[in-house]
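J.: The sequence shown lines up with residues -20 to -1, 1 to 284 when you count with mature numbering (1 follows the signal peptide of the UniProt record, and there is no 0).
The hints are simulated quantities; they were obtained by calculation from the structure and are not laboratory data.
Check before you lean on any hint, since a few could be wrong.
As the list claims (entries may be wrong) - Computed spacing ranges between beta-carbons, pair by pair:
hint, residue 1, residue 2, range
1, Asn176, Tyr44, 21 to 27 Å
2, Asn230, Glu72, 19 to 25 Å
3, Glu283, Asp255, 30 to 36 Å
4, Thr218, Gln62, 18 to 24 Å
5, Gln21, Lys107, 19 to 25 Å
6, Phe222, Tyr111, 23 to 29 Å
7, Gln62, Ala138, 35 to 41 Å
8, Asn59, Glu225, 34 to 40 Å
9, Thr32, Glu227, 28 to 34 Å
10, Gln36, Ala138, 40 to 46 Å
11, Glu239, Gly201, 45 to 51 Å
12, Phe31, Ala138, 29 to 35 Å
13, Pro56, Asp220, 34 to 40 Å
As the list claims (entries may be wrong) - Once the Cα atoms are required to be at most 25 Å apart in a straight line, the calculated DMTMM-like pairs of lysine to aspartate or glutamate come out as:
hint, residue 1, residue 2
14, Lys236, Asp255
15, Lys92, Glu72
16, Lys107, Glu227
We treat Cβ as the ideally placed atom computed from N, Cα and C, and that holds for glycine.
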Amino acid sequence: MVKLLNLLLSAVTFETAVYGSEVEFRKKTGGVAFIGDELNQTPFPQWLTDFTGMTQWPGLVPPYIPLDFIDMDKIPPYNRYQQGVCDANPREACSFDCDQCIAHDDVSTCRKLSQTFDDGPSPATLKLLQYLNHKATFFTLGINSVNHPDIYHEIQDAGHLIGSHTWSHAYLPSLSNEDIIAQVEWSIWAMNATGNHIPKWFRPPYGGIDNRIRAITRQFGLQAVLWDHDTFDWSLVTNDPFKTEQEIYNDVALWKLIENRGLILEHDGARKTVDVAINVLDLLGDDQLAVSQCVNGIDYIREF
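Construct all of the structure, not just a fragment, from the sequences and the given hints.
T.: Spelled out as structure tokens, the structure:
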């Protein structure tokens, strides 16, 4: 516990020095920029007040708001489990992070080797946008989307695809059905209020998805997007890196040499992971596809 507190304190101290009032809370994802400028926050829309009775965006744990189109009877009664606990359910539950199980409608690869980015929008995202000359995919957190609407709009205006990454990066298999719904619905409402669209594509944090979670996200019209190449770039912002920066580049070069296809997991929530992403882009070039292009699908369920 002391080690964890010291790590969090070090991360906050470092990011405060870099961004001033902008603090990024480091997780095993490359960093998540939860704090933004309240004066610049996406206004809480009247339609959402009318529906939820609330007048402001929630904190890290969003409240469950019942939805009449969600049929709880369609959700299989698989057990909840914490990250790293992989014997809670039979393999038929089709857990991706535990058993690398892919459902029939999951997107897990692409005909071209393509980067995808999780955890934004963050201040670091702006630098990445300067280097992208192709349509890329960003899986954004709802809380970051409303806290950094200007950056969200920069992603939009550049023509990139934006998908949901939940409201606040919760590990979904550990949550109740109601709390999973809350993470998804508030993410969708954030994207609707900020970007005037409803997402089609969904990436579960930590790859934490099984058939219980799929049964919920499918009722929102979402389609899960996973990956077949992991850079482990998040480890570069921890004190015990799982991968060195050079090892990441070596892996990317090998993926390109052997197959030159697939979806690469990266993160735009931290300056370090963005710097690595730019170098990976140099290795791959701009002959890449957005997730929707990989499967010849739509960008959004609806755009307003």
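J.: Which of the listed hints are broken here?
T.: Checked against the structure, the hints that fail are numbers 2, 9, 10, 11 and 15, while the rest are satisfied.
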